[in-house]
Structure formats: C-alpha cells, structure tokens
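Q: Once you've looked at the hints, dock chain B against the given chain A.
Chains as they are written, first to last, in the numbering used here: chain A, -5 to 403; chain B, -5 to 403.
Among the hints, a few may not be true.
For identical chains, the list gives no copy identity; a pair is met inside one copy or between any two copies.
Unchecked claim - Straight-line Cα separation of at most 20 angstroms, DMTMM-like style, residue types lysine to aspartate or glutamate; simulated pairs:
| id | residue 1 | residue 2 |
| --- | --- | --- |
| 1 | Lys120 | Asp137 |
| 2 | Lys274 | Asp368 |
| 3 | Lys203 | Asp157 |
| 4 | Lys120 | Glu134 |
| 5 | Lys197 | Glu210 |
| 6 | Lys5 | Glu134 |
| 7 | Lys5 | Asp350 |
| 8 | Lys197 | Asp211 |
| 9 | Lys156 | Glu206 |
| 10 | Lys(-4) | Asp350 |
| 11 | Lys(-4) | Glu134 |
| 12 | Lys(-4) | Glu153 |
Bear in mind the hints are in silico, worked out from the structure with no lab data behind them.
2 protein chains.
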Amino acid sequence: MKSDLDQLMAKRGLDALIILGGEMPNPHRAYITNGHEAGALVFKKRGEPAVMITNTLEIENARQSGLPVYNYNDFNIHELWAQYPDDADMRTVRSFERYFERLGITGGRIGVYGFGDIGASWEMLKLLSKHFPAMTFVGEREDTLFDEAVTTKDAAEIELLKDVARRTNLVMQAAWDFIAGHRAQDGVVVRADGTPLTIGDVKRFVRLKLLEHGLEDPEGMIFAQGRDGGFPHSQGNDEEPLYLGRAIVFDLFPRDMQSGYYHDMTRTWSIGFATPEVQKAYDEVMTAFNAVMSQIRVGERTKRYQEIVLDVLEEFGHPTGRSDPGSTVGYVHSLGHGLGLQIHERPGFTHLRDRDVVQVGNVFTVEPGVYYPDRGFGIRVEDTVYIDEQGVVHSLTSMHKELVLPLKG
Amino acid sequence: MKSDLDQLMAKRGLDALIILGGEMPNPHRAYITNGHEAGALVFKKRGEPAVMITNTLEIENARQSGLPVYNYNDFNIHELWAQYPDDADMRTVRSFERYFERLGITGGRIGVYGFGDIGASWEMLKLLSKHFPAMTFVGEREDTLFDEAVTTKDAAEIELLKDVARRTNLVMQAAWDFIAGHRAQDGVVVRADGTPLTIGDVKRFVRLKLLEHGLEDPEGMIFAQGRDGGFPHSQGNDEEPLYLGRAIVFDLFPRDMQSGYYHDMTRTWSIGFATPEVQKAYDEVMTAFNAVMSQIRVGERTKRYQEIVLDVLEEFGHPTGRSDPGSTVGYVHSLGHGLGLQIHERPGFTHLRDRDVVQVGNVFTVEPGVYYPDRGFGIRVEDTVYIDEQGVVHSLTSMHKELVLPLKG
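So that you can see chain A by itself, here it is in the shape it has in the complex (with noise of 0.2 angstroms):
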C-alpha cells in the first residue's frame, strides 16, 4: 500500500524515482498525489515525501495534494527558452540539473514511472542518461513498484471503493427497475407508446443514473445481447431493441468523478425468461462462481482460482484457454483482476502465470463466463471483493444475482 513506497524502493535498490508524463490521466501520479496531478513532474527520494512541480495554472490544485509543491517559475525556465529557443535537448538538460540540485538527487539509481508519449520519453530518457551519467534511469515492465503498492489497499482506499460500489449498485438496480418497468410486444420490450427500448436508451438511462450518482463511465459500458453477447468485450449495438428471452451481459466499470477509484460489476440479464441453454449455462458459470467465493483464503495462490473455474466449466464440457489455448469460445479469459485508480489492477488471476496471493487488502474482481456467439449468447458474472484486515472477504457487489428479468409494466 502506499505506506509501503519506501520499503518498495530500496527493494529495488532505487534512491529516488521521478514520475514524467503531461496532461493525460496518470495512474501513477493520481496515486502519489492523492487524485490531486496537477499535470505535474514529481520527483522523490526514498525517505522523502515526493514533490510536485507544476506551472502557474495548475499549482492550486497540485498544493490539494498535501504534497511540497514548486512552481517551475521557482526554476526560472523561462529564462532557458530565452537561452536555447531552438534547442529542447539543452532546456531539459538545463531544467533536470536545476531538479536534481534543488532536490538532493545527486546520483543512483532512478526509477522511472508514469504515462505519457512513450516516443518522445524514450529519447528524453536517452538524453538524461547521457547528460547525467552518475544516475542510471530504470524502468519496470512487469511487477512494477506502483503494481505493487497498488495490489493491497490502506484503509482510506477501501473507504473510497466501497463508497464507488454502493453507488454502482444503486445504478445497476435502478437499469433493471427501468426496464421491468416496461411491457413486451411481439417478443420486444416496448415503451408506452408501442415504440421498441433500445440498448441505447438503456445506456442512457445508466448513464444519466451514473452522473446522478457523481460517476463517470470513461471506458464505456458493455450491454450485449444475444450474439453480441458471446464477444466478451463487445459493447453491444445502441439501436437493437430489446427481446425477450435472449442473455444480455450488462458489465458496469464506472470511476468516482472525484476520487477516481473503480468499480467493476457484472450480471447477465435475460428479459421475460430465460431458454434452457441460457439458463444452464448460468447456472454452471454461477457453480464456477460460488466454487470460488467460497474457497479464497489470505495466503492462497490466486493461479488456484482460475484453476478451480477452469475445472468447474471444463467439467460442464466447456472448452477452455487450459483445455484449448486459442479457442474463443467457453471460457476464453482470465478470472478476474485486481483495479483501484486503474481498471486492471494487480493481483492477476491467470493459471499462465503464478505470481500473486491473496493478501488482506486485496480489491479485486470475480468473474467467470462462457462465450458462445454462434449459439447466440454469453455469460458472465461478476463481484468486486476486498479481503479486510481479519482476512475475512466481502464482496463490494450487493446487486442480486436473478437472470430473469420480469417486465412489470
């Protein structure tokens, strides 16, 4: 957790770390700062707290985050445009050498963080490493020190998540009241007047419910019926209507607009009732589910999870990315994710790789299903849990697990 920073750096020999990027959204930065970035470059040295700096327009919001906070006036920058107006290279030089002397950094091991264009990084990166060749630049590819800070959770991220949550609930009942509030024609679900819903009034009323709520939908939600349904990513087609008996698969990822923590759910809807094929496969990917609620255990390799739905679902014949690596249909992903400031967060649920455990703090999804777009359907369901400091795991998502949805209008 973010306590932990310290400790994650000298695990990795660093002695400071810079995080670089501009405007764009910066999980790294958000996370640093506390949701406060400010378009900020944030230097810090192990045993320090980071510091900021950013220019005139954004230094109010950089000081929200309880971080020291320059402003690049304070560098005099403006003096290097003067200096070397055609020459980028020499005003970063020049500007690194003013961060570096301000700030104590006078050599080491530097570790690199952030988002942003990777391009125009990867030649500043080279021309740092060659103007400053006491420091060695190093970045992470794979179980980086934020992956790891982020995989446990303190006490005041779980208040936020478990706040994006419920009102993620809340919006997620409000779309099934909705549409239970409507009546069927001609096996489609039709407004007051005749007209069919469509999954675009759907994603409007959500999203409307999500504002209500002070959430944002960045990544778009997925509300995929029938074959659409059976691509797992497929956002599903605004102007279909929407008919009774077909699986629809509603997968809700929003961000707190002010905290910018995730939720993620899913449930698999099928309107008026459901077909026999529908409705056993539901019940073996919610067999897979429960296999797995019931057994996750502080200390237990998360590999494990995917495995026991991996057995469940080939068990019920489903082919699977163990039994048929490739296939894609069964069971074509992996179970889960951890997410926080990010959607896809550590730990990781893949029986490919054997990396993570479970740990008290842990925030991470459960979500088994099975693809099948030429039968006409997909399924899947999906909780949000948190492992509290007993170890003991809650699941953030309350919303009932009902496939049928009966129309009451």
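A: Just chain B now, with coordinates in the frame of chain A:
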C-alpha cells in the same frame, strides 16, 4: 492531415512506425485507427496501410477501423508463455520477431509513437534495440509526425468537429438559460424555494445536458467565480452559491462520445450586473479577441497573434508573460492551441517560439484572458476557429458574448 502520413514518414526517413501503449486512451492510435483503438499494437510500413494486432476480446472493435487486423493468436503468442513463462524479455523479443517477419519489416528506421507506461516502454525499447540491431528505434520529442499530421484536419474531421461544436454551444446556451430562469435574494441566485443555486448545481445541469447531446467531460469543466476565476485552471468551488456581480469564467471542453473529437469554448458571465472594474477588463479582453479574429490570415506566423494580444493588453496596462515573465497576474498564458482528438494540439500560439504558420485545415482556439485573483476576478473569452479550403476563417463557436447574464426568474 491523415493522408500525409507516408510523406511525413519519408520526411523523417522512417521505414516503418509502431504505436505502443496498452488499454489507456492513445490519441496516436485513435487517429490512425479512425477511432477504433481496440487496445491494439499498430504497425505501419511506409507506403502501406497501418495494421492492427489485438486479442480475441477486442477483435470485433478493431475491425471497425477499416484497417487490416491480426489476432495475437495468429502469432501463437500462447506458445511463448509456455516456452518462457518467467522471461518477459524473451516473450517480447520472440513476439516482435514474428510481427516483423509477417509484416515484412526487416530493418531501417522505425518511428516509435503512442501513449502508455513510460518506464516499461523505456526498458522494452532498449531490449528491442539490442535484439534487432538492423533497426533503429526513433522517438520524437517535438514537432512529431503526429503533431504535424493533426495540425490540419481533413473534410471528414471538420464535419465531426463542427458537429461537436454545435452541440457544445447548445449546452452552454442551455446553462445560460438555466441560470437566467432563477431569481436573486440578498445578492445570491436562489431557487424557487429560496435556497441558493450553487456552482455544483450548475455543473450537474451542464453534465446532464452534455449527456443528452452525446458529449462527455473527461477533463472536467471550469466554472470558476470571483477569485477562483483569477487562477486560469481552477475548476471552481462546487459548494459556492452564485453571487450577483462576480465574474464567472465558464470554460467547457467536452469530447464527443462517438468520435472522440473535442470542442473548446469559454465565456465570462457576470450575473445581474458587472462591476465597472470587471466590465473594463472584459472590454479590454474583447478588444484583444477581436483584434486577433479580424487579422487571422493563411500564411501568417501564429506567434504574430500572440503578439497582437500582448500589444493590446500591455497597452491597457496589464502585465503579461512578455513584459513580466513569470507573472501570475495579467495575461499569463498563450493565445490558443490546435485541437482535435487531443485538447491541445498544434498549432501553438506562444511568443516564445516561432514555428507555426496559419494553414488551411487548421482548427484552433483563440482565448485571451486576464487574471487578478487578489482583485477577485479573472476573465477569458474563447472561440474555436477553423480555416476552410479557401482560407476563410470561421468560428465554430456560435454562442453570444454578452458579459451580463440577467435573471428573469
């Protein structure tokens, strides 16, 4: 524009380019895939169409780009996981061997673009450089290929930008009408029941209207009153009531949910009446604004327009970034910026650099302002303009520029 990519590659001596990055929004990738990023790895050989590689989950999304699409399964990447379960570097090297071979990329200069994890990309590019000695991986820090390409928009992009502009202006007019429908009591705007209308209420109304018009607000609008408006990037205090006679800077820069293109506009309003001090500063900013708008010509250096504003505002006695470098009051930013799939693109309008010329197909903002937090106000006025094929300047921002917003409620 987009049809110039091969020529822009030739100018840089690039034999191919790759666009790296993960699942986060990646404007280079969005541009080249016509908005269908699908989390893909993108390769483009000079003179050939770009090619996307993605996973089974995203393949349907990727196909909507109109580009050739490969599945990672086509390269048997899962074999590599079995072969090198604990060696990410070897998996990467062997994967890229297969991609390069299939796409016929054998050597030369390979441009590196895209947005993503900077530290991970730094290590990956060092690895690829070592293992593919016939290839030189080249990033660009400034005036990049994509910067140049997006500086001029093609007809299809202009239509998308006009459409998002039209809807954004409807939303801002609706916000004006919403506020105007209220009444005042004791110097604050109140609802029918006498409770104050807050900035948070206005923002909620605006977000609903954006949603109705298919727009999202990923960066968060600015609705900053009084002293807050004196900090150009302060977003405003949601808890604060709207006061009569205080300048409000309302900067709205939403993105179209479908196409991803932005509009960007700012108005300054003073409810009920304006103080003489604010009215005078507003008139001065409008003088600068009109001076620029009347003089925009194809072929002129963009820095000329920043200089026009500096001349006008300095003449009126305002400190500026030229007269008083590092000042935090007066006119403290540059005049504008191009926009498209990113909120800040080329051309730029700073007096500190002379690199851009007004061109046919440019779409950019014109946004002079003055900022005096200690005097309790800031003022900014911003239109987005484009230059048509005949070189005629059009504002895409049709909303009126009245300062005083009268209450009719």
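Q: Evaluate each hint against the coordinates.
A: Hint-by-hint comparison with the structure:
no. : hint               : result
1   : Lys120 <-> Asp137  : between (23 angstroms within a copy, 18 angstroms between copies)
2   : Lys274 <-> Asp368  : within (17 angstroms within a copy, 68 angstroms between copies)
3   : Lys203 <-> Asp157  : within (15 angstroms within a copy, 26 angstroms between copies)
4   : Lys120 <-> Glu134  : both (16 angstroms within a copy, 12 angstroms between copies)
5   : Lys197 <-> Glu210  : both (13 angstroms within a copy, 14 angstroms between copies)
6   : Lys5 <-> Glu134    : within (13 angstroms within a copy, 33 angstroms between copies)
7   : Lys5 <-> Asp350    : within (17 angstroms within a copy, 47 angstroms between copies)
8   : Lys197 <-> Asp211  : both (11 angstroms within a copy, 17 angstroms between copies)
9   : Lys156 <-> Glu206  : within (17 angstroms within a copy, 29 angstroms between copies)
10  : Lys(-4) <-> Asp350 : within (18 angstroms within a copy, 44 angstroms between copies)
11  : Lys(-4) <-> Glu134 : within (18 angstroms within a copy, 34 angstroms between copies)
12  : Lys(-4) <-> Glu153 : within (15 angstroms within a copy, 46 angstroms between copies)
Comparing the model with each numbered hint stated earlier shows that all of them hold.
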